[in-house]
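There are 2 protein chains.
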Amino acid sequence: MQSFLQFNPTKLWFGKGQIEQLTKELGTPGKKVLLVFGGGSIKNNGVYEAVKQQLDHMQAEVYEMSGVEPNPRLTTVKKGIELCREHGIELILAVGGGSVIDCAKAISVGVYYEGDVWDIITRKAVPAKALPFGTVLTIAATGSEMNNISVITHWDKNEKRGWSSSLAYPAFSILDPEFTYSVPLDQTVYGIVDMMSHVLEQYFHLTENTPMMDRFMESVLLTVIEAAPKLLENLHSYEHRATIMYAGTTAFNGLLSSGTDGGDWASHQIEHGLSAVYDIPHGGGLAIIYPNWMRHCAEADPSRMKKLAMAVFGVDGAGKTDHEIAYEGIEALRQFWNSLGAPNCLADYNISDARLEELIHKSFMKEQVGSYKIMTRDTVREILTNSL
Amino acid sequence: MQSFLQFNPTKLWFGKGQIEQLTKELGTPGKKVLLVFGGGSIKNNGVYEAVKQQLDHMQAEVYEMSGVEPNPRLTTVKKGIELCREHGIELILAVGGGSVIDCAKAISVGVYYEGDVWDIITRKAVPAKALPFGTVLTIAATGSEMNNISVITHWDKNEKRGWSSSLAYPAFSILDPEFTYSVPLDQTVYGIVDMMSHVLEQYFHLTENTPMMDRFMESVLLTVIEAAPKLLENLHSYEHRATIMYAGTTAFNGLLSSGTDGGDWASHQIEHGLSAVYDIPHGGGLAIIYPNWMRHCAEADPSRMKKLAMAVFGVDGAGKTDHEIAYEGIEALRQFWNSLGAPNCLADYNISDARLEELIHKSFMKEQVGSYKIMTRDTVREILTNSL
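Top to bottom, those sequences are chains H and W.
Position 381 of the first sequence, counting from 1, maps to 381 under UniProt numbering, and the rest follow consecutively.
Position 382 of the second sequence, counting from 1, maps to 382 under UniProt numbering, and the rest follow consecutively.
Don't take each hint at face value.
Cut-off 30 Å, straight-line C-alpha distance, at most; resulting in silico cross-link-like pairs (DSS-like, lysine-lysine) [to be verified]: (1) Lys307(H) with Lys16(W); (2) Lys31(H) with Lys129(W); (3) Lys129(H) with Lys24(W); (4) Lys373(W) with Lys16(H); (5) Lys16(H) with Lys78(H); (6) Lys307(H) with Lys307(W); (7) Lys129(W) with Lys24(H); (8) Lys78(W) with Lys16(H); (9) Lys129(H) with Lys129(W); (10) Lys78(W) with Lys129(W); (11) Lys373(H) with Lys16(W); (12) Lys124(H) with Lys129(W); (13) Lys230(H) with Lys307(H); (14) Lys31(W) with Lys129(H); (15) Lys32(W) with Lys129(H).
Since the hints were made in silico from the structure, they are not lab data.
Put together the whole structure using the sequences plus the hints.
Printed below as a string of structure tokens:
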């Protein structure tokens, strides 16, 4: 086990009706609030009304910024920063999914930074101060509601960059499973793939003696695998929406990598390149890339893939080589995702090898890609080619 | 799943050498610190020196209070409160196990309370303010290092009372597995029984649809069962000390009861009565009481005991009734604890039925004892009698 700090300052209010906690979190009446949201679906499913009711109750002075993109853009972040400065905003309230929350995080640290906020996103500058922000989650997927990580896209440069800061934890997050009832089937599936990928990426670490965390990660995966098909049969099931929602948060709030090296995020980086160029859903891209990344890594060392196959996918190891067990597990993962309706290959998005070299280039936004297995341009090319 | 708040403000610094974080946590030089510890073992194992080095480095003005009892007493708490008031203490630093930390918690809220601190402990008064405190853990057991719970004994009344407060979380806790190397075999075992009991008590809840938390609880138990015998063979194993230490914290820091009704703590209450009267080790008392509590509860409804038996103790259910599976699991738990050297029955502590009625009376310090199964005086009598 490695040394670590376990600390997460976000207050997570989970359950039906928890929107009422917003009043408590606002604290004093008359606060200036920037309400950040996406394409407007919250106006059709009752979430906007529920939030506004609390804000009105506390006589908040509300400014709105809608239209945050599924892959939130730097231009939108800058617009939010301007609004905060112009109106002297005291609290940012992100109502939406990971994209909206990631955008709010960047606005929050950007407000007090005099230079270009892209400096912070590209880790050239470290923020010294941040505007407090809270979230009301409307889709279970990224875990952004309880971590300090954000991903922003510079569309002009076709660059999608992840960044984090100790200042970028939400002060509070409100998670009502009912607020996710109207998430359509495909988005629900992408969210499930995303949260499972987060767990898998943490699972493929190189640290010895992490038995409890390994079991916790297997527990999250087993739970999602059990609940997901039931949820897809009834998107209004409180029980299964709750299970998936809490799993998504737990998948990526820091807990699962306590004492490990943090795992290997190469496939996320490859996918970020992919969705920066083609603007496809992140979860869809992951469903394609991830099994191919696993197959590639299992060639050299199948041990963790074997462990996963047996603990999570119930693969019977009798009479099989480690490689056979590992590949059987990877195939079970791919089939599970396909059974939910996730895409299988890049052709499903009409993506060919036309811009392959550009995709490879975009995967190397960081100096090192991968840690469980360090990637080269050739290995990324192989993974992408196998994903076509 | 029930609605819940997940929030824990304690910063947990885990790993070898993390004592150096104490400098950071002290923040400013020259702070007035009350160092609280127990019988003085920290002066023999190097922990005291390591702590003092950091305090000296930060030119802290250190006052010491040693001699906190294994079941910490109200008189000691009051002594600590006086010291804090007298010297204008700014930070309490508890160096020790659960008893020392529990004592520090009571001091911390007692300093600003004008009445008798026993009012807070008996929940007649709610604290409004607390002195910040941190901990350096030297024994893995109670989980007090990352929760807001404390147990204090009023020796004159033979009353041992648990209390909690949102103000009673440590600001920080430093957990270096090496600091637990010198914990003797018997205390190591009691700690293991205590942390396993915490998980079990949370496991026996009545809430439907908590699949992930159930798996997390099973994960902690499986990990402890796997690591404990190896640790007892080599008490200086960093690996196994680390596994047990982190399991002890995770067992009782709020995480495992997220979304459940919190579980059933009747056996803890029965044990508190027992150790208030006989001053026996808490973990020893639990090892005796807990399986008897389980057997009693399984009679009416064996379902959760059956789940535990199969998931944690690998009981094969083929051809057996639910009751048979449940009892086999309970027996496996008892045998596991006995194999570690934990006591089996009250006679092991030379406790007879002489003060049985008093023990029953002491178990009912709260209006309701138990929730998974509500206890009556007769059922407590049955459990205690079976424990003789």
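Evaluation of the provided hints:
1. Lys307(H) with Lys16(W): holds, 28 Å
2. Lys31(H) with Lys129(W): holds, 26 Å
3. Lys129(H) with Lys24(W): Holds: Lys129(H) and Lys24(W) sit about 19 Å apart, inside 30 Å.
4. Lys373(W) with Lys16(H): With a Cα-Cα distance of about 27 Å, the restraint between Lys373(W) and Lys16(H) holds, given a limit of 30 Å.
5. Lys16(H) with Lys78(H): Given pair Lys16(H), Lys78(H) is violated - Cα atoms ~34 Å apart, limit 30 Å.
6. Lys307(H) with Lys307(W): holds, 23 Å
7. Lys129(W) with Lys24(H): holds, 19 Å
8. Lys78(W) with Lys16(H): violated, 43 Å
9. Lys129(H) with Lys129(W): holds, 27 Å
10. Lys78(W) with Lys129(W): holds, 17 Å
11. Lys373(H) with Lys16(W): holds, 27 Å
12. Lys124(H) with Lys129(W): Cα-Cα ~41 Å, so violated.
13. Lys230(H) with Lys307(H): With a Cα-Cα distance of about 26 Å, the restraint between Lys230(H) and Lys307(H) holds, given a limit of 30 Å.
14. Lys31(W) with Lys129(H): holds, 26 Å
15. Lys32(W) with Lys129(H): holds, 29 Å
Checked against the numbered hints given earlier, this structure breaks hints 5, 8, 12; the rest are met.
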